[in-house]
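Participant: Given these sequences and hints, build the entire structure.
Residue numbering for the sequence shown follows the UniProt record's numbering, starting at 1 and increasing by one per position.
These are calculated hints, taken from the structure and not from any lab test.
In this text the structure is predicted, and so the values were computed from the model without any measurement.
Positions of the beta carbon are idealized from the N, C-alpha and C atoms, including for glycine.
Careful, some of the hints might be misleading.
[As the list claims (entries may be wrong)] Just the calculated beta-carbon pair ranges, DEER-fashion:
#1 His655 with Asp569: 45 to 55 Å
#2 Gln658 with Pro638: 22 to 32 Å
#3 Asn416 with Gln100: 45 to 55 Å
#4 Val465 with Thr548: 45 to 55 Å
#5 Thr548 with Trp306: 35 to 45 Å
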Amino acid sequence: MLQSRQSDELRQSDARGAYAVDDFPSGAIPVEVASQIAPHSLQGTSDLETWAARSYRQLLAILGDSRRDCFANRQPTQPADHAHARMLLLALLCIPLYQQRKLLAVHWLSLKPDEFALDQLLTAANHQHGLAFPVAALPSLSPETNAALLALLRSLFLCAPYPVARLGQLYEQCLAWAPSPGQCAPRAAPKADGRKARGIYYTPEPLVNYCVSQTLERLLSDPTQKLLGVPRILDPAAGGGAFLLATYDALLRWVAGWSANSASVDGATVPPCTQRPPIAPIDRPDRLDYPVDCPVNRPVDRPVDWHTRQQVLLDCIYGVDVDETAIALTRLSLQLKLLEGQPPPGFVLPDLTQNLVCADALLGLDWATAFPSAAQAGGFDGVLGNPPYIDAAQMSLETPDWRRACTERYGCARGNWDLFCVFIERSLELCRPGGMTSLVVPNKLRSAGYAATARSLLAENCQLVALRDYAQVAVFRAAVYPLVYVARRGKPEKPGLGSPSQDSIRASAPVTQEPVTQKPVTQKPVTQKPMPYEPVPYEPVPYEVMETLTEVGRRQWLYAKGEAWWLGDSQQAGSLMARLQQLPTLGQIASVRGAATVAEAYDLQRWICNHPTPAPSDLRLVNSGTIDPYRLRWGDRPLRYLGDRYLHPILPAQHLCQLSPQRQRQATQPKLIVAGMTRRLECALDESGGVLAGKSTSIIQAPNSSSPLAKHLATCPNLLWLLLAILNSSLIHWYFVQRHGGNALQGGYLRVGPPQLRQIPIALGEKSDRPGLHQVLIDLAKQRHHCGTSQNLRAIRDAIPAEIAQLDAQIDAAVYALYDLSAPEMAEIHAETRPQTSGLAD
Numbered sequence: 001m002l003q004s005r006q007s008d009e010l011r012q013s014d015a016r017g018a019y020a021v022d023d024f025p026s027g028a029i030p031v032e033v034a035s036q037i038a039p040h041s042l043q044g045t046s047d048l049e050t051w052a053a054r055s056y057r058q059l060l061a062i063l064g065d066s067r068r069d070c071f072a073n074r075q076p077t078q079p080a081d082h083a084h085a086r087m088l089l090l091a092l093l094c095i096p097l098y099q100q101r102k103l104l105a106v107h108w109l110s111l112k113p114d115e116f117a118l119d120q121l122l123t124a125a126n127h128q129h130g131l132a133f134p135v136a137a138l139p140s141l142s143p144e145t146n147a148a149l150l151a152l153l154r155s156l157f158l159c160a161p162y163p164v165a166r167l168g169q170l171y172e173q174c175l176a177w178a179p180s181p182g183q184c185a186p187r188a189a190p191k192a193d194g195r196k197a198r199g200i201y202y203t204p205e206p207l208v209n210y211c212v213s214q215t216l217e218r219l220l221s222d223p224t225q226k227l228l229g230v231p232r233i234l235d236p237a238a239g240g241g242a243f244l245l246a247t248y249d250a251l252l253r254w255v256a257g258w259s260a261n262s263a264s265v266d267g268a269t270v271p272p273c274t275q276r277p278p279i280a281p282i283d284r285p286d287r288l289d290y291p292v293d294c295p296v297n298r299p300v301d302r303p304v305d306w307h308t309r310q311q312v313l314l315d316c317i318y319g320v321d322v323d324e325t326a327i328a329l330t331r332l333s334l335q336l337k338l339l340e341g342q343p344p345p346g347f348v349l350p351d352l353t354q355n356l357v358c359a360d361a362l363l364g365l366d367w368a369t370a371f372p373s374a375a376q377a378g379g380f381d382g383v384l385g386n387p388p389y390i391d392a393a394q395m396s397l398e399t400p401d402w403r404r405a406c407t408e409r410y411g412c413a414r415g416n417w418d419l420f421c422v423f424i425e426r427s428l429e430l431c432r433p434g435g436m437t438s439l440v441v442p443n444k445l446r447s448a449g450y451a452a453t454a455r456s457l458l459a460e461n462c463q464l465v466a467l468r469d470y471a472q473v474a475v476f477r478a479a480v481y482p483l484v485y486v487a488r489r490g491k492p493e494k495p496g497l498g499s500p501s502q503d504s505i506r507a508s509a510p511v512t513q514e515p516v517t518q519k520p521v522t523q524k525p526v527t528q529k530p531m532p533y534e535p536v537p538y539e540p541v542p543y544e545v546m547e548t549l550t551e552v553g554r555r556q557w558l559y560a561k562g563e564a565w566w567l568g569d570s571q572q573a574g575s576l577m578a579r580l581q582q583l584p585t586l587g588q589i590a591s592v593r594g595a596a597t598v599a600e601a602y603d604l605q606r607w608i609c610n611h612p613t614p615a616p617s618d619l620r621l622v623n624s625g626t627i628d629p630y631r632l633r634w635g636d637r638p639l640r641y642l643g644d645r646y647l648h649p650i651l652p653a654q655h656l657c658q659l660s661p662q663r664q665r666q667a668t669q670p671k672l673i674v675a676g677m678t679r680r681l682e683c684a685l686d687e688s689g690g691v692l693a694g695k696s697t698s699i700i701q702a703p704n705s706s707s708p709l710a711k712h713l714a715t716c717p718n719l720l721w722l723l724l725a726i727l728n729s730s731l732i733h734w735y736f737v738q739r740h741g742g743n744a745l746q747g748g749y750l751r752v753g754p755p756q757l758r759q760i761p762i763a764l765g766e767k768s769d770r771p772g773l774h775q776v777l778i779d780l781a782k783q784r785h786h787c788g789t790s791q792n793l794r795a796i797r798d799a800i801p802a803e804i805a806q807l808d809a810q811i812d813a814a815v816y817a818l819y820d821l822s823a824p825e826m827a828e829i830h831a832e833t834r835p836q837t838s839g840l841a842d
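Facilitator: In structure tokens form, the structure reads like this:
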């Protein structure tokens, strides 16, 4: 009955496949399949992802059917069902790949439903050829279950042929269909994303190829590498193996190109890779200069012999991951990639357990023991990959002991750090001096406060060579905005694999088959923080802002000096940014704080009410949506607050006691209020107190009496007016985008908070003309503030747009003079920033 129901579902599919009749043995074409197969037809093929999603749901149903109770009711989906469904789906996906490589002892299509046994097919292939599929992870399969699996397998052959890399991609996709650990979701669980708890997201092929090509091209054209031999490459968070498969494929293409070039010149062949051969004769540098047309990107006609394919795999490809299934799948995928060459009769595939290890790359692995050849060479030649995206809150909640151990072990684990920070440090430790590293990380690296140490590490102890920003591209199905960096590691004081120096090498826990996150860390971690690399000369780095996964929207330069990273379209812009960062900062001059916490925002909600004519002691409420440059939009733009809308939101005076004493002082004193999420900096003045700033905004109060600049502040009693003009100016907006634009959201929305605002440069000092310029700006800011405050908005729209534009231009000119900008610098900023508007059209 179960088989009949499954077959009925499959017969209703309108999929037509890319497999020709010749793909099936004579007389073995199933009746329900034959009518749907067009000879050599590529059009109208069934989408593999659609098949996988549908089959995953059916597998969950099959597993539920196998646990019917005495009343014939299907039991609810259990957490183990998702793991079993995932493994069954992967097993089915392996069969076409095995068949293409003639790895099956029998042709499965010749089997009757009662003869088909999926686990036996895979076990036989493992034993005969040394394949690495984890058969032990499959559930027990009854004859009825195998019959249903056979029906699903026949439907798979209606899909277009797929490459080996799809195994890892679909494994990572399967994690999205399972609930997070500790939760049990409904049967199909299409919305319960288990990847979030693991920080795992499928990396699109263009990102993988960019990391691999950038890393290999630079290694293979490096005179040092040609002495070391074919490069060893590590992915410390291997996942489904996308980066290692692409690396292996690229190295095979390079070896084929080298071999063809050598044979055409002197009849040479590729030496055994176990001998770590030179990449090319030193006296033939022309073979090493591969800019765009490098063999790692160029197809070659000359095949690579089986022995060389095998040795490149064993000598060059290494990976680590805490997910045992992912590591097993990566081993299998690489074996299948190896078999794309012509194997000799009676071949046995190499054992990759020494190359691909299930362990924690950050804390739970003795690298020198696990990878002795790389340890002896001082590290891997290249380290690349896409580390998990796990933030501080998730780690603190789920793995606090592990996070605490990382904090003690890694110098980049500072503040509210995310996982990518320590992966950057670990990748550099594992890379040999002069080696290359390229990671896909959140674009928060460029400007987040907690990533400052990671930025300093990359800028001062490495040579950044390229960056690509994908923040404006929907790369992942999550609120993650990726940035790819490529860097060459500087020379350390002492060589050593997996640690900053020989003095800090420690023996970690032995390699384990379980993720370290499931166990408390008991050993005492290293507390030494410094990473004593020699600094690398400071120079601008190419920075590409991507419009799509493959198209560059804009090319800029990134200037990195310590933890300060900024962008510029020219050397002139970079020089200006460097000069601005020598000035005092807003945080040194004024008090800059967040207006409210999340908890305070929710506590406040019950006391908010609408009142168009508040009493003098009532507090008017504003948030980012009701702030424009120089103007609070209370009363003429609705405020959205935790799902509610208000036009005249207030906190009545009788409820002022609900605020903490600090929040009461902030609300009742003069202050600047800055919007928290906007395309352009927007700052308005609460001149007399009486405005309550909501969550997502920042407030600036002055002066900072503890500042060493107090003597300069004393000459500027109207400091808030001065800061109002400066913060709304085109110069500061330009500076903010160059300095913190890497932390932007899709659509160009800037994240604006106290950490970013405190770093804004403010021109003070001993110059005789600055007090005069300060007063000019104060007067202009007052005019701009009062421009448009009339209650007659229609009259404002008709009468003052030109006046507003003129005032903005005058303020910009005065700010340029205050900051000593040259005419070319002013022209560049003007070209980069749009004219500021008041938002009155809203």
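Participant: Next, verify each hint and record whether it holds.
Facilitator: Structure-based check of each hint:
no.	hint	verdict
1	His655 with Asp569: 45 to 55 Å	holds (50 Å)
2	Gln658 with Pro638: 22 to 32 Å	holds (23 Å)
3	Asn416 with Gln100: 45 to 55 Å	holds (49 Å)
4	Val465 with Thr548: 45 to 55 Å	violated (23 Å)
5	Thr548 with Trp306: 35 to 45 Å	holds (39 Å)
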